[in-house]
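Novice: Sequence:
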Amino acid sequence: LPNTTANGDTLCKPLAVCIAPDQTLYIADAGHNRLFRMGPGDPHWLPVKTRAYSFQLSAGIAVSPEGILYATDFPENRLVQIAPDGNTAILAEDKTHILKPYGICLYQDKLFYTDTAHMRICAADIKTGEIHPFPCKIENPIAITLDKAGNAYISEPKRIHYLDTQKNTLHRILDKESWKVWMRQYG
Numbered sequence: 001l002p003n004t005t006a007n008g009d010t011l012c013k014p015l016a017v018c019i020a021p022d023q024t025l026y027i028a029d030a031g032h033n034r035l036f037r038m039g040p041g042d043p044h045w046l047p048v049k050t051r052a053y054s055f056q057l058s059a060g061i062a063v064s065p066e067g068i069l070y071a072t073d074f075p076e077n078r079l080v081q082i083a084p085d086g087n088t089a090i091l092a093e094d095k096t097h098i099l100k101p102y103g104i105c106l107y108q109d110k111l112f113y114t115d116t117a118h119m120r121i122c123a124a125d126i127k128t129g130e131i132h133p134f135p136c137k138i139e140n141p142i143a144i145t146l147d148k149a150g151n152a153y154i155s156e157p158k159r160i161h162y163l164d165t166q167k168n169t170l171h172r173i174l175d176k177e178s179w180k181v182w183m184r185q186y187g
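Counted from 1, the sequence shown has number 97 at position 97 by this note's numbering; the numbering is strictly sequential.
Rather than coming from a laboratory, the hints here were simulated on the basis of the structure.
Everything numeric in this text was worked out from a predicted model, so none of it was measured.
Don't be surprised by glycine CBs; every beta carbon is placed ideally from N, CA and C.
Among the hints, a few may not be true.
[Stated by the list, open to error] Below, in silico cross-link-like pairs of lysine-lysine (BS3-like), each with a Cα-Cα straight-line distance of 30 Å or less:
#1 K158 x K13
#2 K137 x K148
#3 K127 x K158
#4 K158 x K137
#5 K127 x K49
#6 K100 x K127
[As the list claims (entries may be wrong)] Simulated DEER-style distance windows between Cβ atoms:
#7 Q166 x E130: 16 to 26 Å
#8 D175 x E66: 31 to 41 Å
#9 T169 x E66: 27 to 37 Å
#10 A52 x K127: 17 to 27 Å
#11 N87 x D175: 36 to 46 Å
#12 Q108 x D85: 20 to 30 Å
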């Protein structure tokens, strides 16, 4: 893949990536404070059109099967929704429920995100905007992904956690010590 945008700029600080069902690849480039896309056959990264919105630092990005993008705006404490035509809306921005959002992952009608400053994981309903915080503390949640059952895997520096979203239980599955053991066995 090329490392340049359509106007010749080099990608500066891509922090997140996702892929749409049509195989379009999307990135959140924090260095340019922009979202970029590259569809099959595109020779360069193209900016995602957003109407009346400028990102300050997008650290997470997800895309729905319908092509609706969701992105975090870390310093502005927002979850942003971008329609395929570029219409942009704020899905959530209440500092009580979202403070320093980083990673996001879409599962069914819920946008799961790492609420880094509150040290937790939350899910925003993409239809109503209602926020559901999970009752567990994670010191510095960064990235998140979900399995087919809707359970979350969260990374933070030197740790990976598993969140059973049905039982609201958090389990540490990898930390610094278990990583050393694993590396001795398999590394």
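Novice: Need the status of pair K137, K148: alpha-carbon distance at most 30 Å?
Specialist: This hinted pair holds, its Cα atoms lying about 23 Å apart.
Novice: Should the hint that A52 and K127 are 17 to 27 Å apart at their CB atoms be regarded as holding?
Specialist: 22 Å, holds
Novice: Between K100 and K127, does the CA-CA distance stay at or below 30 Å?
Specialist: 22 Å, holds
Novice: Starting from the range 31 to 41 Å, see whether the pair D175 and E66 falls in it by beta-carbon distance.
Specialist: 38 Å, holds
Novice: For a C-alpha distance cap of 30 Å, please report whether K158 and K137 respect it.
Specialist: Roughly 16 Å between the alpha carbons, so the hint for K158 and K137 holds.
Novice: Hey, K158 versus K13, does the alpha-carbon distance stay inside 30 Å?
Specialist: Given pair K158, K13 holds - Cα atoms ~21 Å apart, limit 30 Å.
Novice: Holds or violated: the 36 to 46 Å window for the beta-carbon distance between N87 and D175?
Specialist: Because 43 Å falls inside the window, the suggested range holds.
Novice: Would you mind confirming whether the straight-line C-alpha gap from K127 to K158 stays at or under 30 Å?
Specialist: Outside the cut-off at roughly 35 Å; violated.
Novice: Could you tell me whether the CB distance from T169 to E66 stays inside 27 to 37 Å?
Specialist: Holds, at about 32 Å.
Novice: Look at the Cβ atoms of Q166 and E130 and judge whether their distance stays inside 16 to 26 Å.
Specialist: 18 Å, holds
Novice: Taking 20 to 30 Å as the hint, is the beta-carbon distance of Q108 and D85 inside that range?
Specialist: Given a distance of about 23 Å, which is inside 20 to 30 Å, the answer is holds.
Novice: Does K49 sit within 30 Å of K127, going by the straight-line distance between their CA atoms?
Specialist: 22 Å, holds
Violated hint: 3 only; the structure is consistent with all others.
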